[in-house]
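**Student:** Those protein sequences? They're chains Z and A, same order as listed. Heads up, the first sequence is in the numbering used here, so the first residue is 61 and it goes up one at a time. Heads up, the second sequence is in the numbering used here, so the first residue is 81 and it goes up one at a time.
Worth flagging that the hints you see were computed from the coordinates, not collected in a lab. Be careful, since some hints might not be right.
Said to hold, decoys possible - Lysine-lysine pairs mimicking BS3-like chemistry, simulated, CA-CA at most 27 Å apart: (1) Lys-210(Z) x Lys-295(A); (2) Lys-204(Z) x Lys-143(A); (3) Lys-395(A) x Lys-204(Z); (4) Lys-395(A) x Lys-164(Z); (5) Lys-92(Z) x Lys-172(Z); (6) Lys-210(Z) x Lys-143(A).
Said to hold, decoys possible - Just the calculated beta-carbon pair ranges, DEER-fashion: (7) His-134(A) x Gly-114(Z): 41 to 49 Å; (8) Lys-313(A) x Gly-114(Z): 21 to 29 Å; (9) Glu-240(A) x Gly-114(Z): 40 to 48 Å; (10) Ser-116(Z) x His-131(A): 29 to 37 Å; (11) Gln-126(Z) x Pro-320(A): 26 to 34 Å.
From a predicted model like this one, the values you see are computed outputs, not experimental measurements. Each residue gets a CB set at the ideal place from its N, CA and C atoms; glycine is no exception.
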Amino acid sequence: MEVDKGKGEAEETRKVAEADRDTVTLKSSDGKLFEVSKEAAARLSTVLAGMIAGGSIDDNGTDLKQIGSEALENVVDYCNKHANSIPSAALISSSISFNTAPFKEPEEWERKFVDRLSHDALFDLVEAANFLGMERLLDVTCHKISEMMKGKSPDQIREVFNIKNDYTKEELEEIRQELAWAFYDD
Amino acid sequence: MEQKKARAVEEPAWLMCDDALTEVFRRLPARALAACRLVCKSWLSVLTDPHFIHEHLGRSQQKLLLFANDRVSDRLLTVVLADDIKSMYQLWRPAASRSVFVHNSCNGLLCLGDSTGAVEVLNPTTGESLMLPMPMYTAGSSQFSSCNWHCLGFCPKTREHKVVHFYPGAHIDSFKVRCEIYTIGAGFWRQVGSFRGAPTDRGVHVNGTVYYLTKFRYIASSRINCLNLETEKFDEMVLPPRKSYGGHCSLTELEGKLCLLVVDGVLEGPRRTLDILMLSSDDKQSWTPRYHFYLPWFMHSCYFTPKHTLFHDGKIWVQLLARNLYCFDPTSSSEELTIAWPELEFPFSTHTFIESIVPLRKDYFIKQIQ
Numbered sequence: 061m062e063v064d065k066g067k068g069e070a071e072e073t074r075k076v077a078e079a080d081r082d083t084v085t086l087k088s089s090d091g092k093l094f095e096v097s098k099e100a101a102a103r104l105s106t107v108l109a110g111m112i113a114g115g116s117i118d119d120n121g122t123d124l125k126q127i128g129s130e131a132l133e134n135v136v137d138y139c140n141k142h143a144n145s146i147p148s149a150a151l152i153s154s155s156i157s158f159n160t161a162p163f164k165e166p167e168e169w170e171r172k173f174v175d176r177l178s179h180d181a182l183f184d185l186v187e188a189a190n191f192l193g194m195e196r197l198l199d200v201t202c203h204k205i206s207e208m209m210k211g212k213s214p215d216q217i218r219e220v221f222n223i224k225n226d227y228t229k230e231e232l233e234e235i236r237q238e239l240a241w242a243f244y245d246d
Numbered sequence: 081m082e083q084k085k086a087r088a089v090e091e092p093a094w095l096m097c098d099d100a101l102t103e104v105f106r107r108l109p110a111r112a113l114a115a116c117r118l119v120c121k122s123w124l125s126v127l128t129d130p131h132f133i134h135e136h137l138g139r140s141q142q143k144l145l146l147f148a149n150d151r152v153s154d155r156l157l158t159v160v161l162a163d164d165i166k167s168m169y170q171l172w173r174p175a176a177s178r179s180v181f182v183h184n185s186c187n188g189l190l191c192l193g194d195s196t197g198a199v200e201v202l203n204p205t206t207g208e209s210l211m212l213p214m215p216m217y218t219a220g221s222s223q224f225s226s227c228n229w230h231c232l233g234f235c236p237k238t239r240e241h242k243v244v245h246f247y248p249g250a251h252i253d254s255f256k257v258r259c260e261i262y263t264i265g266a267g268f269w270r271q272v273g274s275f276r277g278a279p280t281d282r283g284v285h286v287n288g289t290v291y292y293l294t295k296f297r298y299i300a301s302s303r304i305n306c307l308n309l310e311t312e313k314f315d316e317m318v319l320p321p322r323k324s325y326g327g328h329c330s331l332t333e334l335e336g337k338l339c340l341l342v343v344d345g346v347l348e349g350p351r352r353t354l355d356i357l358m359l360s361s362d363d364k365q366s367w368t369p370r371y372h373f374y375l376p377w378f379m380h381s382c383y384f385t386p387k388h389t390l391f392h393d394g395k396i397w398v399q400l401l402a403r404n405l406y407c408f409d410p411t412s413s414s415e416e417l418t419i420a421w422p423e424l425e426f427p428f429s430t431h432t433f434i435e436s437i438v439p440l441r442k443d444y445f446i447k448q449i450q
């Protein structure tokens with residue numbers, strides 16, 4: 061009886077300690093572990109916020125089977141940088157009003173953050189941000205992709221992103237006939 | 081690392097699930113999406129999804145569009161589009177020399193007309209256009225005709241775009257008007273019927289309904305006729321009670337609501353004013369005075385209401401003459417119109433406009449994709 065009580069108390073203290081920890085551990089699909097500030101993770105990702113609130117965070121590393129280590133490293137890097145750079149009040153209000161508020165231009169550090177990524181890493185990061193419900197990171201990565209597309213013809217977009225053209229000649233001709241109007245500058 | 085490189089050579093680099101791809105597209109402007117439609121079929125299928133198109137439309141910012149014909153070139157039909165940040169761009173169409181004008185604009189589409197009565201629907205953002213078959217009644221049309229006009233509208237429920245055409249009946253009967261409808265994607269005009277009361281002005285499209293004024297003897301006995309684009313049924317409303325309807329009144333759309341413009345004042349009296357009454361969307365009876373301002377001095381002896389009165393960016397934009405655009409700021413204490421643009425070298429018409437990727441055909445190879 062006495063022993064059991066003691067064990068229960070130990071369990072309790074361990075749980076309290078866990079709740080007090082200010083980081084969470086995330087595990088990528090290939091088994092690598094990453095530490096991220098709990099406060100930043102909850103603030104930037106709706107999915108992680110839900111997991112933290114629901115107590116489904118695993119102390120030994122929460123499994124994120126859909127995200128590779130490279131993308132997760134970038135996610136964690138972004139969260140940690142974000143935690144240091146933007147006052148939280150401004151950020152919370154911007155994430156709540158996201159659907160109605162116009163897109164806010166990326167900050168200088170966010171620009172640098174996405175500029176150093178390869179195409180593959182950038183696309184993987186978009187997928188990870190989408191999976192984790194990180195609206196701001198989606199905004200920033202998609203803004204980068206839109207800059208890469210801006211003013212480009214379909215041919216040039218295929219070249220930049222290495223996409224195979226699966227239209228037949230006839231189909232493209234059919235579309236072109238419908239596009240009777242054209243811009244002077246194109 | 082080497083493995084990664086090898087993958088990029090063998091397969092397309094863009095390996096993104098539709099979900100994430102949609103997130104990227106949601107954040108791109110319509111001009112960029114127009115090019116994306118032609119990149120590959122899987123992109124096209126995301127970009128022609130009606131739910132996506134209308135969600136994207138809802139996020140786009142409204143622009144002010146100035147439309148003009150460029151008369152320099154003979155073999156090309158060129159139109160000049162200018163937006164409120166004063167950047168201009170030109171659209172051209174080969175082997176066409178007619179001048180065109182804009183009947184109206186809806187969801188990023190322009191309903192264009194010419195002097196022969198032909199109608200073309202154009203999406204200037206994608207460059208896609210659709211020439212409608214000649215309407216049954218083709219006595220030509222003009223930008224200013226009140227008895228023969230077209231209006232493009234949208235039914236939110238069925239997500240269909242429809243062009244309505246009002247024209248006089250076969251026997252010249254000033255109390256009858258005929259109506260036909262063309263649903264984009266259908267390929268033909270349908271007769272809807274003949275109705276009592278000839279329009280005194282062109283129609284206005286507000287949220288799935290086309291409204292137009294009909295006059296019986298006096299302005300005060302005018303009716304507002306409404307054609308619901310979903311049910312294609314007619315209804316009518318009386319004008320709100322008012323001490324006097326002065327010189328003239330007309331309809332317009334401001335802030336997504338139907339508005340009545342009333343020019344007040346007598347010929348030799350004080351300066352004329354423009355009153356704008358707004359109809360509450362859930363009650364067909366309740367009109368509230370919304371804006372009131374003075375017309376400029378040169379409008380002193382003028383009876384007509386301005387053709388293009390629009391709401392954009394918190395201000396009322398009024399086109400009084402062919403080359404001038406005026407602006408009224410409701411937040412300022414002044415009741416005067418100010419000049420919004422310096423006088424342009426060419427005549428233009430003003431419209432509110434949203435860049436969109438609304439397609440003009442129903443099945444962009446969707447069948448082949450599935």
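**Student:** Run the structure past the numbered hints and jot down the numbers of the failing ones, going up.
**Tutor:** 1, 3, 7, 8, 11
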